[in-house]
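If you read the sequences in order, they're chains Y and F. The number in my numbering is simply the position in the first sequence, starting from 1, with 11 added. The number in my numbering is simply the position in the second sequence, starting from 1, with 11 added.
No wet-lab data here; the hints were simulated from the structure. Since this is a predicted model, take the numbers as computed values, not measurements. Treat the hints with care, as some may be off.
For identical chains, the list gives no copy identity; a pair is met inside one copy or between any two copies.
Stated by the list, open to error - Calculated cross-link-like contacts (lysine-lysine; reagent style PhoX-like; alpha-carbon spacing at most 25 Å): (1) 191 <-> 321; (2) 296 <-> 321; (3) 253 <-> 149; (4) 149 <-> 118; (5) 187 <-> 321.
Given next are the chains, with one letter for each unit.
Protein chains: 2
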Amino acid sequence: MSTLRNDRLLRALMRQPVDQTPVWVMRQAGRYLPEYNQTRARAGSFVALMKSPSMAAEVTLQPLDRFDLDAAIVFSDILTVPDAMGLGLYFAEGEGPRFERPLRDAKSIESLRLPDPDTDLRYVMDAISECRRGIDGKVPLIGFSGSPFTLACYMIEGGGSDDFARVKQLMYTDPKLMHKLLDTNARAISIYLDAQIAAGAQAVMLFDTWGGTLSAERYREFSLRYLQQIVGSIRREAEGRKVPVIVFTKGGAVWLEAIAAIGADAVGVDWTIDIGEARRRVGDKVALQGNLDPLVMLTNRETIEDEVEKILSSYGNGSGHVFNLGHGITRFTPPENVGFLVDAVHERSRRFHAGS
Amino acid sequence: MSTLRNDRLLRALMRQPVDQTPVWVMRQAGRYLPEYNQTRARAGSFVALMKSPSMAAEVTLQPLDRFDLDAAIVFSDILTVPDAMGLGLYFAEGEGPRFERPLRDAKSIESLRLPDPDTDLRYVMDAISECRRGIDGKVPLIGFSGSPFTLACYMIEGGGSDDFARVKQLMYTDPKLMHKLLDTNARAISIYLDAQIAAGAQAVMLFDTWGGTLSAERYREFSLRYLQQIVGSIRREAEGRKVPVIVFTKGGAVWLEAIAAIGADAVGVDWTIDIGEARRRVGDKVALQGNLDPLVMLTNRETIEDEVEKILSSYGNGSGHVFNLGHGITRFTPPENVGFLVDAVHERSRRFHAGS
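Extracted from the complex, chain Y is given alone in its bound form (with noise of 0.2 Å):
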């Protein structure tokens, strides 16, 4: 494969010296931008999209004709495993996700499958492979899954939910059955994430979208676990290299401690702690990601850049440091934005990495 021109991304997240703050956005090849609009309805339907290697590709590749991003990350869908394993994944229309078959028997979770990612999940693979083709060495690409708990929530309840009653029940009145699911979902997501790997992602990232919803302790007893698993068995190295590992729990800023310390190289964080803060309190165990609320990109121009200053001059100096959003992007969000955002990243963080 061809050679990695801006390796950026990858060097931050192993907190190795950068020239200037790499960044990228979570949900970037997205509705807000017209062109993503444009293939999405030539596809039909977001499942249709993204079970097109070429439309997936083509879609995974516009942000970075626009802006100067320092990664890519393959267009794909947080529930592709679930959706593997026979659940039918959909999207109803001003809706989240869906699965057709969710989970509503012990039955149906101990006769879950491990899906083959090289037949069950070829489309992600071959997306991937083409994505590299297209990117051709211009930024690292990145690959993902939901977390195993995150995943759980979608299995069980065939939705998104206010409250999560029915995950919630069957954890706090059958644990064995929950740590039964969530033993196959990890297993699953680390064949996933391997098969991403060989297939060309150059560095991976879990999205725990629900795990704020937990207490405390069954946070970590339910989901940081099978994170840890994950991240411990995941192949990370590839063409030579060291492929990072991201893990981002939405809402877990309280638990940061606990999740730098499973092993992963970065931990995502959204826009409830000050970065500053965040680094204070994980050290040098891991990079972080994050964290700008996504509210002020559909703001303007001045109040980016002086986000963007905050942000910066709170982590402070050195590497170990990738600017995102603190979530997805909103599909209201005026293209120009992200590009006032990428610049103001690039141009204001030089001088806290001056001398690397």
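Dock chain F against chain Y, hints included.
For chain F alone, kept in the frame of chain Y given last:
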């Protein structure tokens, strides 16, 4: 007024010795109780129920008849103040609260007037008086309001929101106008809580439901600062004893030290933090209220008792803890589970107060 026979709540909120940990439940007068639903049906709507002092007092007392709770909380809503400002509170079926006339321009914010609690919010004061007569000294009565920021969220959005895009855009792009609104809310809430205390509220609580959606810096500037303004300005004594103030920011565990420093007597915590850790972090600054995951209430007696035991053990010996859920009780809770909770807290907490 009649002598207070059970003052455990007030004593624990002031960190004075108690014989057992007091317990009450957020939204304890609510839809999980069939008798509540009957009264509500008679009233015709939530707002009609809230605005009828006799029916509001009736539902306030209902949970006390069933369970050995250590407090009553006047049946009302966190949004009475903006309703009294003329915004028109209503509840759409199956949704949260909404306003008929949300604030959509600077003029509507600048022309807000402070409600007169003795006229515009008379129904709340009358409900408090009637509750006190009905409770007849059995337990203390808690008064409350939403926080200035939480009120602003609903006033600007017109209802709940996934991301509070309007509120945040105003905050980021016109902070001065946002501060004007928050100061108005804080002054109105202070007057309102003073009137509740004069009418008979023996403790007051500020519900900051949406402060947790802010960044660390913005939380301090746009929510906590105004909680502090209220805490510093209200009357905190009545009937010859202290009226404790509880502040509760849902999702605020990461900012616990800052919240504990504003001068309130007690801080509510949700279940994302271990209560023992919370106690170590706040030291002897404040009492703590919380923090069972409300979803535990959907399970069974054994699970509830186990979870109660964990929280009591984690808090440890001594006073300064009021047991509660970390959020309102859900409507699907079997009522008998509240009885199991209350009795477990009382019985199992005695050993932590030995010698008191």
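Original post:
Taking each numbered hint in turn, which are not upheld by the structure, reported in ascending numerical order?
Top reply: 4
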